[in-house]
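So the protein lines, in turn, are chains F and P. Just add 328 to wherever you are in the first sequence, counting from 1, and you've got our numbering. Just add 5 to wherever you are in the second sequence, counting from 1, and you've got our numbering.
Hints in this document: simulated from the structure, not taken from any laboratory. Wrong hints could be hidden among the right ones.
Lysine-lysine pairs mimicking DSS-like chemistry, simulated, CA-CA at most 30 Å apart [said to hold, decoys possible]:
| hint | chain 1 | residue 1 | chain 2 | residue 2 |
| --- | --- | --- | --- | --- |
| 1 | P | Lys125 | F | Lys470 |
| 2 | F | Lys436 | F | Lys368 |
| 3 | P | Lys83 | F | Lys436 |
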Amino acid sequence: MVTTKENKVVYQQVLDVCLTAGRLMIEGGSEMYRVEDTMKRIALNAGMTNPRVFATPTGVFMSLAGGDMMQLIQVRDRNINLELVDRVNELSREFARQEITLDQLENKINRVAIATPTFPIWLQVLGAAILSPTLMVLFTGKYDWIDFPAAAVVGAIGYLVFGSFKRWTKIRFLSELIASAVMGLVAIGLNWLFPQLTIDYILIGALMTLVPGLALTNALRDLFMGDLVSGVVRGVEAALTAVSLGAGVAIVIRFFGG
Amino acid sequence: MVLWLQVLINIIFSYLASVGFALTINVPRRALNLAGINGVIGWMIYWLTFHAGLGRAIPNTLGALAIGICSLAFSRMKKCPVTVFNIPALVPLVPGVPAYQAMRAMMGGNTNLAMEYLVKTAIITGAIGVGFLLSTMLTEFYFRIWRFYRNKKNKYNTH
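One chain only, chain P, in its complex shape (with noise of 0.2 Å):
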């Protein structure tokens, strides 16, 4: 397939896909359409750094990242909890292929291929849980910074 094409249908699913989660959490009306977008970042940029050939986990990594960082910022527009975007953002990210592979695998008695297939959910679910970290770091990073510039801008006027 064309890679516009492709590109094209990944961002129309990705959205479609976070906004049909969003339906069933019963997120917030008001927030649906942010949700999607914020679906479609993070997958977007695991899909470009996946097929860059940078492997699995960090693709999950820096797009759940992403996710941490626009949930945040969106949080902050809508006045929502984070939660709200976050959960169906991340939907495309949670590794169900590798868990289905190793429940067949389990299945057909073959035990060291499920290992090795649990291995790597743990793996991904993992990667997922360094990036959401890291965002909740930058963004903790940026609030400090910007108290203290408030504060210091404060001090001049007041002077």
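Next up, chain F with everything else stripped away, as it sits in the complex (with noise of 0.2 Å):
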């Protein structure tokens, strides 16, 4: 099929329709085999023949009509929002069904790419007070309640110091390595409080708050799924935030002591 004058304006819509469903998806943290499933179904649905997608969490790619028409997005924030994976996936199906046209389903997209819903930030925040110190007993085994409200206290400070740091810098890494600076700070200075406290346990709860599960999850199921570029991506990813976390752990108690 080739491209004319006339075809040429839906090619356009369809391509950008796609390209924005692929990117959102990716910066919520999708499986790469379910980007590039989706952008082909959506291609699919709205009648054009053999769509090719490749997508990598840094830029996707497709390409419509045997390559007469070739276009990229590039991913520039990886955040993590289940929602937005679950949104994009909900109106693909929803335009498979038929229920919406293509206008609707660009207006929509184009809707969820400016306004996700999330959480409110005080309910994120109640999120890691509840699992630093929940998370910390399933580890240690030890069901020592001191430490329990400290841990509590210590995870939601470290991730409320994360989650505005980051929207400060554009460094990456950067936050996390700040977040459990302070997260150490705050344990040293509870230990210093109440010398019965045990900073280990403390910590080792409340840095589960950051730790890279979803980016771990995803690096191995995109390379069991044969998407490799990806997973090793994401395994650095994993890697290196792990890494960070450690390391500002890490100063901070070189440095006054625990």
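Hints in hand, dock the two standalone chains.
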């Protein structure tokens, strides 16, 4: 099939919709085969033949009409937001069931891109405050209730620092380093106030709020599905995040003891 | 501590931990509860097999396997992507303690001990990966058999 002046507009619209959908899913932290599958499905349901897609964590390529139209989109910020993945998936399903037209799909995807529904920040901090003491108990298996509130406080403060610092800087892995350093500081401060607390237990729980669980899981899934490029890239991302978390705590403990 | 109290605490805490992590990564609201339940299933299988004396690697594999199978079932139920369920559930299995101990040992200048802990971390991560691989394989088998029988049935119905 060759593009003509008449159908070029349609091709461009399909490409725009597919590429935006792919970018949003990668930003939300989806696996690569799901991204490629969703983009292909949207294109096929829009009446295109033989769409070709290649997705990596930093950019998506797509061609229609046997390579006559070929475009790419860059993925700049990768936040973790599974709601985004779910929304785009749901819209693609609705389009496949022909409940919405291509124009409506474009509108809705653009609206999702502007205003992603997220949990309010206090609820996220509460989640961090719940998960750090419970994981501390599970991991250490010690059932020490003295460290329980301390771990909750340290985890919540660390997550809050991480969230607010992430908006300030563009440097990757810096916010993890700063947040874990703050966690170490708060834990040492609490230990200084109440000497019966154990710094190690508190930090093991609190650091789990920032642990790269998503990057690790996705790296494994990508590798098993044969997307070797994104699997390796995500594995390196997980490793570097873990290293920066460790470095932040290490620096603080080195200087202030503990 | 009494055994039943330990089991109860482990169940409640693994649920809370998974839901807490799900809140921080913004899991869709309708999937929150099932993500927590998935976390309980994975952690309890790990905990019970670990206390039955199977070491650390095999319990992690079994836990990840259970999580993989359950999250596929849940994703069919709720029509959500699989990732939504298996990421919060895997958080209790992440080798946080050996990684932290490796960092502490490295700070103390004890490089050999740090290497030992790092290898331990790598082995546990690999074990989780194997569990995931097995769960993907089993679900693939299941769907292949399911499709085979459906096709057979349709053939009989049409004739």
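Now for the hints, and whether the structure bears them out:
no. : hint                   : verdict
1   : P/Lys125 with F/Lys470 : 21 Å, holds
2   : F/Lys436 with F/Lys368 : 18 Å, holds
3   : P/Lys83 with F/Lys436  : 21 Å, holds
Consistency note: the structure conflicts with none of the earlier hints.
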